[in-house]
Structures are given as structure tokens and as C-alpha cells.
Amino acid sequence: MVELDWNNVPKDMCPVCKTDKYLSPEIQFKINPECYHKICDSCVDRIFSLGPSPCPYPNCGKILRKNKFKTQIFDDLEVEKECDIRRRVLSIYNKKEHDFASTEVYNKYQEEIEDIVYRMLYKIDIEKTEEQLKEYSIANKQSIRLNNARRDQEYEKFIRLQKLEKQYKSERIRLNRLIVQEQTNLKSLEKIKAMDQLQESSEEKDPDAVIKSVKESMKKQSSKYKKQLEDLHKKYKRQKEAIIKNQQSSSKKNQDAALRVPFTPFDGDRLSPKPYHLDPSKYKDPYLEKMVSDVQFKAGGYKLDDYYERSLNEAFTGLNCFIEEEKVN
Amino acid sequence: MSDRYTKDRKVGEGTYAVVYLGKQLSSGKDVAIKEIKTGGFKDGLDMSAIREVKYLQELSHENVIELIDVFSDVGKNLNLVLEFLPSDMEVIINDKSLVILSADIKSWILMTLRGVNHCHRNGILHRDLKPSNLLISPTGQLKLADFGLARALGSPNERFTSNVVTRWYRAPELLFGSHHYSTAIDVWAVGVIFAELMLRTPYLPGKDDNDQVVVTFQALGTPTEKLWPGVSHLPNYNNLVMYPPPSRQELRNRFPAATEGALDLLCGMLILDPNNRWDTAKCLTYKYFVESPRPTEPESLPKKVP
Chain A
1 MVELDWNNVP KDMCPVCKTD KYLSPEIQFK INPECYHKIC DSCVDRIFSL
51 GPSPCPYPNC GKILRKNKFK TQIFDDLEVE KECDIRRRVL SIYNKKEHDF
101 ASTEVYNKYQ EEIEDIVYRM LYKIDIEKTE EQLKEYSIAN KQSIRLNNAR
151 RDQEYEKFIR LQKLEKQYKS ERIRLNRLIV QEQTNLKSLE KIKAMDQLQE
201 SSEEKDPDAV IKSVKESMKK QSSKYKKQLE DLHKKYKRQK EAIIKNQQSS
251 SKKNQDAALR VPFTPFDGDR LSPKPYHLDP SKYKDPYLEK MVSDVQFKAG
301 GYKLDDYYER SLNEAFTGLN CFIEEEKVN
Chain B
1 MSDRYTKDRK VGEGTYAVVY LGKQLSSGKD VAIKEIKTGG FKDGLDMSAI
51 REVKYLQELS HENVIELIDV FSDVGKNLNL VLEFLPSDME VIINDKSLVI
101 LSADIKSWIL MTLRGVNHCH RNGILHRDLK PSNLLISPTG QLKLADFGLA
151 RALGSPNERF TSNVVTRWYR APELLFGSHH YSTAIDVWAV GVIFAELMLR
201 TPYLPGKDDN DQVVVTFQAL GTPTEKLWPG VSHLPNYNNL VMYPPPSRQE
251 LRNRFPAATE GALDLLCGML ILDPNNRWDT AKCLTYKYFV ESPRPTEPES
301 LPKKVP
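Top to bottom, those sequences are chains A and B. Mind the numbering: the first sequence is residues 1 to 329 in full-length UniProt numbering, read in order. Mind the numbering: the second sequence is residues 1 to 306 in full-length UniProt numbering, read in order.
Quick caveat, the hints were computed from the structure, so don't treat them as lab data. Only a predicted model underlies this, so the values are computations on that prediction, with no experimental measurement involved.
In silico SDA-like cross-links for lysine to any residue, where the CA-CA straight-line distance does not exceed 20 angstroms:
| hint | chain 1 | residue 1 | chain 2 | residue 2 |
| --- | --- | --- | --- | --- |
| 1 | A | Lys298 | B | Asn236 |
| 2 | B | Lys226 | A | Ser293 |
| 3 | A | Lys274 | B | Gln57 |
| 4 | A | Lys303 | A | Leu288 |
| 5 | A | Lys303 | B | Arg159 |
| 6 | B | Lys282 | A | Asp306 |
| 7 | A | Lys237 | A | Arg174 |
| 8 | A | Lys298 | B | Asp279 |
Derived coverage of chain B by chain A (criterion: at least 3 residues anywhere in the stretch with Cβ under 8 angstroms from a Cβ of chain A; other residues may be distant):
| hint | segment |
| --- | --- |
| 9 | 55–63 |
| 10 | 148–154 |
| 11 | 226–238 |
| 12 | 270–279 |
| 13 | 282–291 |
Here are a few chain B residues that sit away from chain A, every Cβ distance over 12 angstroms (derived from the structure):
| hint | residue |
| --- | --- |
| 14 | Gly28 |
| 15 | Glu66 |
| 16 | Asp73 |
| 17 | Val215 |
Think of the CB as a built atom: it goes at the ideal place given N, C-alpha and C, for glycine as much as any other residue.
Given the sequences, and given the hints that come with them, work out the whole structure.
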């Protein structure tokens with residue numbers, strides 16, 4: 001029996017259960033980004049269903065988890081690896097060009113990203129690189145979150161646009177088909193009608209006029225659908241613009257409003273006149289003042305003047321209010 | 001009762017009240033009707049209900065929830081008719097799909113401070129400021145709600161309880177058990193909310209009352225007699241671990257997105273000594289609110305899409 005060469009597993013064969021594509025064509029291969037060793041779907045189920053286990057490849061020993069297994073997208077594992085690393089780095093280094101002051105700084109940033117990806121892919125200075133990635137993610141925690149959220153929103157917008165376009169296209173095709181169908185229908189119908197009319201009509205009717213009227217009514221019918229098509233197109237354009245504008249519009253509106261109204265910190269809540277005037281230098285209550293001079297009051301932040309204010313407020317609130325009159329109004 | 005309002009559906013239940021969504025028949029406006037449970041209380045109405053009515057009827061401000069009406073129905077239940085506000089800050093902070101910009105935070109803090117300023121101007125302490133009590137109207141206006149713990153500034157011979165404000169938002173003088181505090185406790189709570197908005201996670205999440213003391217002073221330094229004269233005489237000032245106050249750079253690292261103006265305001269609201277802590281008027285006139293970016297208009301603030 002020939003020993004399996006684990007370093008060079010045949011392309012269409014699972015090295016664990018030795019099943020291959022020839023005997024079971026529905027075989028699916030999975031890989032785990034920990035070590036990128038190829039294992040078939042049923043082996044993944046069998047080995048990893050009960051929790052994390054070591055990779056079955058000899059001399060690998062990495063502990064793998066079932067939920068991390070994924071279908072291989074690229075034939076070349078190197079490409080697959082690079083894409084995974086790149087995705088990971090870009091979810092942290094996620095600034096866009098407009099976040100930078102100049103193109104040069106942006107280019108430098110991109111260079112840094114490429115360096116990191118390269119070093120991680122070929123395992124050069126892996127610890128130092130990981131450290132660098134971690135440091136960056138801590139230092140830029142908030143902007144990373146913001147940018148990721150922005151990207152998600154952008155993606156959502158894209159999906160919505162795509163959906164809209166799809167809807168628009170299918171509707172357009174439907175209408176176009178209706179137009180064509182209606183036209184052929186009409187043509188055959190009108191032909192019969194025209195013949196009938198020509199047959200029945202006596203000498204007083206000009207055959208040319210009959211044909212003309214028939215053609216006119218035909219045109220009217222199809223133009224009804226054409227108009228619908230135009231409306232549809234307009235509606236689509238409008239919706240598309242609305243989706244694109246969606247985000248910018250709110251910030252723009254905000255700026256306009258800010259320019260019109262000057263900022264008022266209290267929003268008019270400071271100047272309402274009080275029905276009384278308190279002169280703190282003239283009002284002295286020796287009993288309360290002695291009490292308040294205690295350290296317990298001082299340390300707690302107690303303010304006697306605020307209490308005077310409140311008491312006066314309480315005493316005067318409601319004066320000059322005539323409930324009966326208000327009720328009438 | 002029900003000739004003026006309808007009770008449509010139950011939207012929430014607290015310890016002392018059930019909240020219904022209803023409609024004001026005269027205007028067709030949505031309202032929240034808070035039905036106070038009276039059955040279980042031998043000594044009459046619950047204190048919170050009385051407080052809520054007493055103080056809300058004194059206040060009328062864009063950033064304070066409006067008490068529209070009070071009535072009692074057949075079962076002798078007391079009903080408070082309040083503005084219906086569908087969302088709150090806690091929901092917004094926790095909804096990670098929403099992107100919060102610094103201009104949005106500025107707008108929310110501005111509206112909060114305006115509301116608190118209105119209460120303080122009228123001599124009323126809210127005493128329970130926290131994100132879930134900052135409600136958001138459909139037009140984006142932020143409104144202070146839940147005045148169940150509110151009270152008026154009292155005379156010096158009244159002893160206030162220091163067991164107020166939800167733990168994470170409790171000012172240091174309350175942690176030390178002071179019985180004579182003032183409007184500064186609300187400013188502290190706003191400061192902690194401000195920090196929470198920037199971090200999108202609670203700033204000082206103490207696990208219990210003792211842990212709250214530790215967490216607070218780890219973040220902001222332990223107060224000393226020099227920083228806060230008289231602090232050592234407060235009832236619970238003992239057995240403290242001394243933490244140094246945070247340096248400016250440490251704060252910058254903790255709040256990387258905050259501008260210098262935002263940090264100044266935050267530090268002003270979180271000054272340990274209540275006598276030095278900024279009051280709402282000082283906060284509102286601080287340059288943070290006029291520097292760029294301008295606070296977002298309420299209508300365009302992020303909100304949860306239903």
C-alpha cells in the first residue's frame with residue numbers, strides 16, 4: 001500500500017478519509033485560516049462537532065474550531081491566505097483617502113498596510129507586526145469603529161441601489177414586452193377591422209381616410225404604455241438620487257440652518273424677568289448662616305443662596321396667574 | 001376620565017406605575033398615561049407620584065417632559081398624562097448600528113444642560129439623571145423625564161437622603177453620604193453621561209456601592225482635604241485607597257475623539273469638589289458649544305429606524 005504524502009495531498013482527495021471526487025462527486029472541501037489544511041466537509045463535521053480538536057495533519061498540531069472552517073474560494077492557497085490577512089488588516093487600517101491631508105500621507109499609509117500584509121503572509125517578524133497592529137487598533141479605536149460603521153452604511157446603500165436597479169429593469173422589460181405584444185395584437189385586429197370597414201363602406205368614404213383613422217387609434221394605444229415607461233424611468237432616477245443623497249443631505253441641511261440662526265446657549269431661557277429682586281448683601285439670617293457654616297454643609301456643596309432663591313420663587317409663583325381667565329382662553 | 005383620553009396599549013410597567021400609550025381626543029395627539037398603582041400603599045399615594053406631579057407642573061421647557069394633565073378615574077387611580085416620547089438615550093447609545101458624530105454628542109449634551117439648567121433655575125434637583133431618563137421626541141428633541149426622585153432645594157435644617165441617583169451617575173459627595181448637597185450632583189451626572197456618549201459604554205460602572213467609590217476615584221483621583229476642603233468630615237470618608245488624579249494625557253487617551261474644549265467641559269462637570277464644579281450656566285456658556293462643529297439640529301440627529 002502506498003503511504004499518503006501529507007505534504008502533497010492530491011487535489012481532489014480528502015487526506016483524512018481518503019474520499020475523492022471521482023467516487024463521491026458531491027464532496028466539499030473546507031479550510032481553516034489557522035493552518036489552511038484542506039479537509040472534507042464530512043470529516044470536519046465528524047472531528048470538530050464535539051468542540052475544538054487538533055488538526056488531523058501530522059506535525060500541524062493547531063487546535064481548530066468548527067465555526068472557523070470555510071469554503072476555499074481561490075485555488076491557490078497563497079492567494080486565499082493573503083485575502084484573509086488583507087481583510088483582517090483592512091478592518092483595522094480602514095482610513096479612506098479623504099481622511100488624509102495629502103496624497104503622499106495617504107500613499108505612505110497604504111505602503112504601511114502592504115508592509116504589514118507582506119510580513120504577516122511570509123511570517124517575517126510576526127510578533128512585532130502583531131504588536132504594531134494591536135497598538136494601532138488601540139490608538140485609533142474610535143475612528144476605526146466610525147469608519148467601519150461608515151463602510152457598513154455605504155455597503156447597505158449599495159445593496160439598496162442594486163435592488164432598486166433590478167426592480168427598475170424587470171419593470172422596464174415587462175412594459176416593453178407589453179408594448180410589443182399590444183402592437184402586434186392591434187395590428188392584426190386593425191387589419192381585420194380595416195378590411196371590414198373597407199368592405200362595408202360605400203363610395204362616400206375615402207379608403208385612405210379609413211386607413212388613417214385606424215392608424216391613429218393604434219398609435220394612441222401604444223403611446224399610453226410609452227408614457228408609463230417614461231414615468232417609470234423618472235421615478236427610478238428620483239429614487240436613485242434620494243438614496244445617494246441620503247447621507248449628505250442631513251449634514252448639509254444642518255450647516256444651512258446653523259448659518260441662519262446664531263447660537264444661543266440658553267435658548268431664551270435665561271432672561272425671563274423675575275417678579276422679585278434678591279439682594280444677598282441685605283438679607284441676613286444669622287440662624288441659618290450659623291448652621292450652614294458647619295463643615296458638613298460646606299463639604300456637601302450646599303448653597304444657602306439657592307435656597308433663598310427657591311423660597312422666593314415658591315412664594316411668588318402663581319401670583320398674577322388667573323386660572324379662570326386662562327380656562328376661558 | 002375617558003371622555004378626554006383613550007388608553008390604547010400598555011407600553012411599560014414600573015414599581016409604582018403602569019404606562020399606557022393613549023390619545024388626547026381633543027387634539028388626536030399621542031400621549032403617555034402613567035397610571036399610579038394605589039392599591040398596595042397604606043399610607044396613601046406613593047411619594048414618587050406626588051413628586052412627579054409637584055415638580056413637573058412647575059416646569060415648562062422644551063427639554064423637560066410636559067405634564068399635560070392629571071386625573072383620577074373610577075378605581076380612584078391617579079393618572080398622569082405626559083407627552084409621549086418614543087425613544088431614549090440609552091437605546092441610542094446601545095444601538096451599535098448608529099453612527100454618533102461629535103456634533104451629535106454636542107447637541108444632546110446641550111439639550112440636556114438646557115433642561116437641567118431650567119430645573120436648577122427653578123430650584124429643583126432632578127436627582128436621577130441617567131441615559132434612560134433622557135427621552136427623545138419624534139422631532140429629535142431631548143427631554144428630561146422621570147421626576148420621581150426630584151425635590152426642591154431645602155432649608156438647612158432638612159436632611160436630604162444621600163441614597164439618590166442611579167449608582168453609576170452618583171456624585172462623590174453622595175458617595176460620601178452627604179446630607180446637604182445641591183445642584184452640583186445633577187451636573188456630575190450630566191458629566192458622566194457626556195463621557196458615556198463619547199465612549200458608548202458606561203464610564204464609571206461600579207458593581208456595588210463600595211465598588212462605585214473605587215471605580216470613581218480610580219478614574220478621577222481620590223479627593224484630599226487640599227483638593228476639597230472639608231471632605232474628610234463627610235460620613236463615609238474612610239478607608240480610602242489614594243489614587244492620583246489623572247493627567248491630561250491619560251484623559252486624552254481615554255477619550256481619543258474628544259477635542260480640548262470637550263475635555264475641558266467634561267473635567268469641569270466632573271470636578272470632585274461640588275463647590276468648584278461648574279454650574280449649568282457656566283457649562284452652557286463654555287466655548288465648547290460655539291466651536292466647530294456646530295451642534296447637530298435635533299431633527300437630523302441619529303435615531304433608531306423602526
